[in-house]
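Taken in sequence, the protein lines are chains A and B.
If you count the first sequence from 1, position 134 lands on 134 in this note's numbering, and the numbers rise without skipping.
If you count the second sequence from 1, position 108 lands on 108 in this note's numbering, and the numbers rise without skipping.
No wet-lab data here; the hints were simulated from the structure.
We put the beta carbon where it would ideally sit given N, CA and C, even for glycine.
Among these hints, one or two may not hold up.
[As the list claims (entries may be wrong)] Over 10 Å on every C-beta distance to chain B, these chain A residues come out as not near it, computed from the model:
#1 Ser73
#2 Tyr80
#3 Asn85
#4 Gly130
#5 Arg140
#6 Asn160
#7 Gln192
#8 Gln196
#9 Ile203
#10 Asn215
#11 Lys238
#12 Asn245
#13 Pro255
#14 Ile266
#15 Ile267
#16 Ser272
[To be verified] Derived DSS-like pairs: lysine-lysine, alpha-carbon spacing no greater than 27 Å straight-line:
#17 Lys65(A) - Lys145(B)
#18 Lys62(B) - Lys164(A)
#19 Lys164(A) - Lys108(B)
#20 Lys139(A) - Lys43(B)
#21 Lys37(B) - Lys65(A)
#22 Lys111(B) - Lys260(A)
#23 Lys108(B) - Lys263(A)
#24 Lys108(B) - Lys62(B)
#25 Lys64(A) - Lys43(B)
#26 Lys139(A) - Lys57(B)
#27 Lys43(B) - Lys164(A)
#28 Lys62(B) - Lys221(A)
#29 Lys263(A) - Lys133(B)
#30 Lys43(B) - Lys65(A)
#31 Lys164(A) - Lys134(B)
#32 Lys145(B) - Lys260(A)
#33 Lys200(A) - Lys275(A)
#34 Lys37(B) - Lys109(A)
#35 Lys263(A) - Lys145(B)
#36 Lys37(B) - Lys260(A)
#37 Lys108(B) - Lys195(A)
#38 Lys238(A) - Lys37(B)
#39 Lys43(B) - Lys260(A)
#40 Lys145(B) - Lys64(A)
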Amino acid sequence: MKHHLLTGFVLLFFWGCGQKTQNLSNIVVPEDILNQGINEITDQAMQKIIDNIASPVEVAGLLKKTGVPFNRSLLAPTSYASAYNSAFQKAAALGIFGADLGYLNMYNKTGSVIENLSAIRDIAEDLKIGQFFDFPTLKRLASSRENLDSLMFISVHSYNQMDKYLRENQRGNLSALMIAGVWVEGLYLVTQVVKQYPDKQLIEKIGEQKIILDNLMIILKNYSNDPKFNEYISDIEKIYAEFRNVKIYFEIAEPEAVEKDGKLTIIQHETSIVKMPDETLKKITAVTEEIRNKLIKI
Amino acid sequence: MRKILLLELIFACCLIGMVNAQSTTRLVELCAESAGKDATYLKDFVVQLDAAGPDGKAPVAKYSMVLSKNNVYRFTICNADDSEGRAVLQLFDMNVMLGSTYNPSTGKEYKSFDFQCQKTGVYHIFISFIDGKKGTAVAILSYVKTL
Numbered sequence: 001m002k003h004h005l006l007t008g009f010v011l012l013f014f015w016g017c018g019q020k021t022q023n024l025s026n027i028v029v030p031e032d033i034l035n036q037g038i039n040e041i042t043d044q045a046m047q048k049i050i051d052n053i054a055s056p057v058e059v060a061g062l063l064k065k066t067g068v069p070f071n072r073s074l075l076a077p078t079s080y081a082s083a084y085n086s087a088f089q090k091a092a093a094l095g096i097f098g099a100d101l102g103y104l105n106m107y108n109k110t111g112s113v114i115e116n117l118s119a120i121r122d123i124a125e126d127l128k129i130g131q132f133f134d135f136p137t138l139k140r141l142a143s144s145r146e147n148l149d150s151l152m153f154i155s156v157h158s159y160n161q162m163d164k165y166l167r168e169n170q171r172g173n174l175s176a177l178m179i180a181g182v183w184v185e186g187l188y189l190v191t192q193v194v195k196q197y198p199d200k201q202l203i204e205k206i207g208e209q210k211i212i213l214d215n216l217m218i219i220l221k222n223y224s225n226d227p228k229f230n231e232y233i234s235d236i237e238k239i240y241a242e243f244r245n246v247k248i249y250f251e252i253a254e255p256e257a258v259e260k261d262g263k264l265t266i267i268q269h270e271t272s273i274v275k276m277p278d279e280t281l282k283k284i285t286a287v288t289e290e291i292r293n294k295l296i297k298i
Numbered sequence: 001m002r003k004i005l006l007l008e009l010i011f012a013c014c015l016i017g018m019v020n021a022q023s024t025t026r027l028v029e030l031c032a033e034s035a036g037k038d039a040t041y042l043k044d045f046v047v048q049l050d051a052a053g054p055d056g057k058a059p060v061a062k063y064s065m066v067l068s069k070n071n072v073y074r075f076t077i078c079n080a081d082d083s084e085g086r087a088v089l090q091l092f093d094m095n096v097m098l099g100s101t102y103n104p105s106t107g108k109e110y111k112s113f114d115f116q117c118q119k120t121g122v123y124h125i126f127i128s129f130i131d132g133k134k135g136t137a138v139a140i141l142s143y144v145k146t147l
């Protein structure tokens, strides 16, 4: 495999069909980059983990794009926040509330954001990462309903800062819980919405999580020595097991670069196709709901 | 006297560290803003690289990230004011380069490029500096829209 990768890193890239073309044939990928695997993650390597495994913005963006109306009842209750008494619960909740914050922000529900922000601030302070969460500014932006771009930027940036700090300070376990929390809540939101609105794109999004789940399991299993983590891994494995009947196929094609008015766009033509039986979708929905509700329970 | 000097040195180091942190934070803000009104910030990558060594190999910062099908992403690169080198961002799917902010055959540099993702998976970005110079830069990953 390594040999195969080694032989394949001189790149010849054909830029077809665009209004202008680029020749990037003399760019060489460094060997050490091609050889780096993601199968073994040490605690130290948590600092270099795969980013964007779970993105509240993208999940919410997809829900909004499909025209599905906002549903407040799907949000995790923030009233539980003060009752979470372990770092484990708090970190997982931080991820869950982060996903909900993205959902609220994307639908411009700024009035309801304050409650969510307050819960996040309290948990972040308990975990000693409150310094990265600029609550006064976020509250002001949410209250004024102005400058939603800034609200979104500061929200996401604060989360990134907290996550980065945890990873860099030997608290990668909490970062892993945060990431998993965002992912579980994102999957919960989409599966619940699909129950009412069986949109094809949303269903495909659920099926694609099989790819992401592989990477998430690698991160979580890094902490399997912790009994609490082990129980959580078992729960996530229940979701993982339901994905076994999801089949993902790939159609290979060359990418295309288009330059228009000085702006460059790369269009990927290689595509993934998800096949998921209806029964599998139902099982994924049920088990996700069960695990997510267990996670937010006091 | 030596203690005072030591304290002053520690204070100066802390101050430099704080100023540096503040300036990169500001650069992240500005770069995210420059990505455009239609782009929602997702991640930033702050890069500080040394000049190429005697072997001529330019240092490269590498990051991995999940990108999702049917989403349009924007990759934006911004150099720090005091950066000697100009940064280049390259996007890879496994060992295939999909796009770059620099075309070495024409010498043309792009502040950003959009990526229409059609395959959910792990992608890699490499950031380096042209001609192996040392430099500081920020890369921003933004979400533009769902197709």
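Hint check:
no.	hint	result
1	Ser73	holds (24 Å)
2	Tyr80	holds (28 Å)
3	Asn85	holds (31 Å)
4	Gly130	holds (17 Å)
5	Arg140	holds (17 Å)
6	Asn160	violated (6 Å)
7	Gln192	holds (19 Å)
8	Gln196	holds (19 Å)
9	Ile203	holds (12 Å)
10	Asn215	violated (7 Å)
11	Lys238	holds (22 Å)
12	Asn245	holds (18 Å)
13	Pro255	violated (5 Å)
14	Ile266	violated (4 Å)
15	Ile267	violated (5 Å)
16	Ser272	violated (4 Å)
17	Lys65(A) - Lys145(B)	holds (8 Å)
18	Lys62(B) - Lys164(A)	holds (16 Å)
19	Lys164(A) - Lys108(B)	violated (33 Å)
20	Lys139(A) - Lys43(B)	holds (22 Å)
21	Lys37(B) - Lys65(A)	holds (17 Å)
22	Lys111(B) - Lys260(A)	holds (14 Å)
23	Lys108(B) - Lys263(A)	holds (12 Å)
24	Lys108(B) - Lys62(B)	holds (22 Å)
25	Lys64(A) - Lys43(B)	holds (21 Å)
26	Lys139(A) - Lys57(B)	violated (48 Å)
27	Lys43(B) - Lys164(A)	holds (11 Å)
28	Lys62(B) - Lys221(A)	holds (24 Å)
29	Lys263(A) - Lys133(B)	holds (26 Å)
30	Lys43(B) - Lys65(A)	holds (21 Å)
31	Lys164(A) - Lys134(B)	holds (24 Å)
32	Lys145(B) - Lys260(A)	holds (18 Å)
33	Lys200(A) - Lys275(A)	holds (11 Å)
34	Lys37(B) - Lys109(A)	holds (19 Å)
35	Lys263(A) - Lys145(B)	holds (16 Å)
36	Lys37(B) - Lys260(A)	holds (18 Å)
37	Lys108(B) - Lys195(A)	violated (49 Å)
38	Lys238(A) - Lys37(B)	violated (41 Å)
39	Lys43(B) - Lys260(A)	holds (26 Å)
40	Lys145(B) - Lys64(A)	holds (10 Å)
Figure legend: structure checked against the earlier numbered hints; hints not met, in rising order: 6, 10, 13, 14, 15, 16, 19, 26, 37, 38.
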